[in-house]
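Chain by chain, the residues:
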Amino acid sequence: MEAYSLETFNLSHQYQGRHRALDRIGLRVPNGSIYGFLGPNGAGKTTTLRLVLGLLRKQEGQISFFGKPFEEQRIDVLRKIGSLIESPSVYGHLSAAENLLVYQKIYQCPRKRIGEVLESTGLAGTGRKKAGRFSLGMKQRLAIAIALLNDPKLLILDEPANGLDPAGIIAMRELLWSLNRANGITILLCSHLLAEISKLATHVGVISSGRLVFQGSMAELRELRGGDLEETFIHLTEK
Amino acid sequence: MSIFLQSLSSEWLKRKRTAAAWLVVIGGVFIPSLVIFARVIESGGLAAANESPRLWEALYARCWQVMGFFLLPIGVILATSLITQLEFRNNSWKQLHTTPQPLYVIFFSKLTVVLVMLVQWFILFNICIYLTGVLPCLFVRHVPYPPEPIPLRMFLEGSGAFFLDALPIVALQYLVSLQWKNFLAPLGVGFGLYVASVIAVHWRYGYWLPYTYCYYESLGARSPVDVSIHWWAVGYFMLFTVVGYILYISKKEKG
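Just so you know, the protein sequences line up as chains A and B, in that order.
The numbers in the first sequence follow the working numbering, run straight up by one, and end at 646.
The numbers in the second sequence follow the working numbering, run straight up by one, and end at 1343.
Chain B with its partners taken away, still in its complex shape (with noise of 0.2 Å):
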């Protein structure tokens, strides 16, 4: 376990100041931001907006629309690949396969980095999903401090509900990313794969496309499937991840 931690230390240092970074603070910032600007420029019924009981839910449904099918899949193929992308770029592969760890260590350490900062991104999104709320009652006068609590259940499951949604898309990103050089392949291969998500969406078997379910997810109730979209994300997560490995630790050349 504490050659893992090591591992996982030492690539975590690697994202610092990377195009991958900033992508994750940009994700999590964008949307809630143009809400926050949005509120207060139609500040007419703000004040009543901010004492609705049902302002949280539909702040939170405000910010996760355009999040969950559009901004989300996106983010996760660009962030993916460009953590991926900085060995290659750095011609960095030979000196980090000649460090003493095995090959499943560097693989999974690198898969859990892109994780993490997944979750940083949702975190950093929830807050500012918060701030949507509170910060109008900070520049716009007679508009009261929302009364009601937030409701952090509904947060959770919902984010939750996108984290696993969005799996299929690491693990697809993370197996291309891994297997050519040029950044162009992953990111060909995942905005082809958005795409024909968006297309597909509507059709009875859209859900066998791995890039969907972010889709299907923000659409909620009006989701044209009823199968378990999660339960598909996690299998498609695993085969991909399982794929990705048995490719990687296959390569014939190392750097």
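This is chain A alone, in the form it adopts within the complex (with noise of 0.2 Å):
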């Protein structure tokens, strides 16, 4: 069995007329693992997402999840891949059960986990009520429920925790946990937020102006300086 769900290998990127936005980013996270990815804004998280899910045509480097190369594989990889990037994607006309139903259509997973879903993420009541009216965090919450529809081996979430009130933070915090734990989902977590990381993640890469700057385990990272990760962020960040 391959060792890691997901590995890049020199991924670079350049956007047209800008500075190099990412600079040989070789990606491990291992299967089974919380594996939260951090920065400063700007720093590149966003566009390693975007370009390791195809949505960024690659410039240089190689993908690969599960041990097969992304490009090679694509339709297959996305099967097992579930995924949250930037902003929530909701249908702002349909309500979140029919939101569901648009992907289930596609996932072709069976139609009850549609119910599970809503009721994992909290939003078994909305009933008729449609998207475009949902508080940020419910639209928040909608999208994580799509990432989740396809029972995924990967779960990729970027900065899941936006728009959340704390009461959500935790309630969600727990939901990936508990993802992880019971039913052995690797969870790729991108946030700029080192508390949320630091509760959660088993396994951290840290980068910094496109380059990364740390890859390890949380306890790795938390030997660096005494323990105190604040610091060790950074100085990471600003090296």
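Just so you know, not all the hints are guaranteed correct.
[Stated by the list, open to error] Capping the alpha-carbon separation at 20 Å, the derived lysine to aspartate or glutamate pairs in EDC-like fashion look like this: (1) B:1340 / A:645; (2) A:560 / A:479; (3) A:536 / A:505; (4) A:465 / A:483; (5) B:1339 / A:479; (6) A:606 / A:558; (7) A:487 / A:572; (8) A:606 / A:566; (9) A:465 / A:430; (10) B:1269 / B:1341; (11) A:465 / A:505; (12) A:606 / A:627; (13) A:519 / A:558; (14) B:1269 / A:505; (15) B:1342 / A:483; (16) B:1340 / A:493; (17) B:1340 / A:478; (18) A:537 / A:558; (19) A:537 / A:526; (20) B:1342 / A:493; (21) B:1339 / A:467; (22) B:1104 / A:505; (23) A:465 / B:1341; (24) B:1342 / A:558; (25) A:465 / A:479; (26) B:1340 / A:430; (27) B:1340 / A:523; (28) A:606 / A:572; (29) B:1342 / A:603; (30) A:487 / A:430; (31) A:560 / A:523; (32) B:1339 / A:572; (33) B:1342 / A:526.
Hints were generated in silico from the structure; no laboratory data involved.
Dock chain to chain to rebuild the complex, using the hints, since each chain is given by itself in its own frame.
Next comes the structure, spelled out in structure tokens:
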């Protein structure tokens, strides 16, 4: 069995007329881990995720999921992935259940999954209310429900706590924790919030100015500067 | 094939309650409603008109005249742009492009939704043309039920011709709408080309413009050109579809 759910090799990217956004990134997300992908705003986190999911055309480097090259096995790989990139993608004129039905028809997962993910994200009571009338936090939860719908092996979440209130953040944390522990889902969690990552992640990658400046287990990160994560983070990202 | 049908079913659900879905209903009902209203108001010769052997031809021509040169092109411009803009407006291209479907499936299932909606529009419109002949006899005394059978073949052939003539508009609007996030871009291109077509329709080479064919069809025998506009329409449709697909798969950013 492959050791990593996601690996990138020398992944680089440059937006037209701008500086190099990513410089030879070599992510390694171990199977069964919660991988916190940390970095300050504009460090290249979202660009990395958009590249690995094929939303940006790759310029340099390789991407591999579950030991398979992404470009050659795109459809097969995407079947096993759930994702939430940046702001939530929900159809405002449809209800939460209808939004999920749109994706259920593509993934061909059992219909009962719709009820299950609505329940697990706390949206079971939204009924016919259109998603356009949801608060940002509810839209975010619906986007997480969409990402969970196909029962993925790897969940890629970009700033999932955005827009959630404190209770929502705790509920999301518990949900991700249980998905990882009970179902063995590997989670790649991208955030600029050190506190959030430190509570969940088993492994960490720190990106700064397009370069991966640290990658290892959370324990290894803690050991770097005597256990002070904040100081470690600042030290790494200011290097 | 099954992956295409799954995608089509998903895309079809997205159009539920959208302005484009309502446009199909309004587009199909609007002109026949006006014709029914006008017939009931001018009820003097209504009984004789309903008994006329040319009733269906007259009603058909009356409804299609305005539909063909104005409402159909404008409606197609709006509906195609609205369907495609759904993804931009809801910021959902990125989610759609991370689903396990080949890009050609996404492209053609969306296009198929627009074409099926056009068929829906035509079916509704033809039913309403039928009602323009039938409903007045329910509301106005002494007006008989039309004795002539509905010329189904004429209805089908006429609608089929207009369908073919609308295809270049669908394909070009689809192409433009997929490229620009700003809703005004496809509308600007669409309305600009429509106005250009109205101006150019009496020009010798007016048929070179891809938005003129519905107008020519509505002119019928009075059309100033003697080329096969349907072939031109199909040719443009294929050209715009191929170019649209190439541009779509070549986009550097997919959401």
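Hints versus structure:
1. B:1340 / A:645: violated, 31 Å
2. A:560 / A:479: holds, 19 Å
3. A:536 / A:505: holds, 10 Å
4. A:465 / A:483: holds, 19 Å
5. B:1339 / A:479: With a Cα-Cα distance of about 19 Å, the restraint between residue 1339 of chain B and residue 479 of chain A holds, given a limit of 20 Å.
6. A:606 / A:558: With Cα atoms ~24 Å apart, residue 606 of chain A and residue 558 of chain A exceed 20 Å; violated.
7. A:487 / A:572: violated, 29 Å
8. A:606 / A:566: Between residue 606 of chain A and residue 566 of chain A the Cα gap is close to 15 Å, so the pair holds against 20 Å.
9. A:465 / A:430: Between residue 465 of chain A and residue 430 of chain A the Cα gap is close to 13 Å, so the pair holds against 20 Å.
10. B:1269 / B:1341: Within the cut-off at roughly 12 Å; holds.
11. A:465 / A:505: violated, 33 Å
12. A:606 / A:627: holds, 15 Å
13. A:519 / A:558: Holds - the C-alpha atoms of residue 558 of chain A and residue 519 of chain A are around 12 Å apart, at most 20 Å.
14. B:1269 / A:505: violated, 24 Å
15. B:1342 / A:483: Distance of about 19 Å is within 20 Å: holds.
16. B:1340 / A:493: Between residue 1340 of chain B and residue 493 of chain A the Cα gap is close to 18 Å, so the pair holds against 20 Å.
17. B:1340 / A:478: holds, 15 Å
18. A:537 / A:558: Given pair residue 537 of chain A, residue 558 of chain A is violated - Cα atoms ~24 Å apart, limit 20 Å.
19. A:537 / A:526: holds, 17 Å
20. B:1342 / A:493: holds, 14 Å
21. B:1339 / A:467: holds, 17 Å
22. B:1104 / A:505: Roughly 10 Å separates the two Cα atoms, so the pair holds.
23. A:465 / B:1341: holds, 10 Å
24. B:1342 / A:558: violated, 24 Å
25. A:465 / A:479: Given that 20 Å is the threshold and the Cα spacing comes to 13 Å, the pair holds.
26. B:1340 / A:430: The given pair, whose Cα atoms are some 19 Å apart, holds under the 20 Å limit.
27. B:1340 / A:523: violated, 36 Å
28. A:606 / A:572: holds, 17 Å
29. B:1342 / A:603: violated, 29 Å
30. A:487 / A:430: violated, 27 Å
31. A:560 / A:523: holds, 17 Å
32. B:1339 / A:572: violated, 37 Å
33. B:1342 / A:526: With Cα atoms ~31 Å apart, residue 1342 of chain B and residue 526 of chain A exceed 20 Å; violated.
Checked against the numbered hints above, the structure violates hints 1, 6, 7, 11, 14, 18, 24, 27, 29, 30, 32, 33; every other hint is satisfied.
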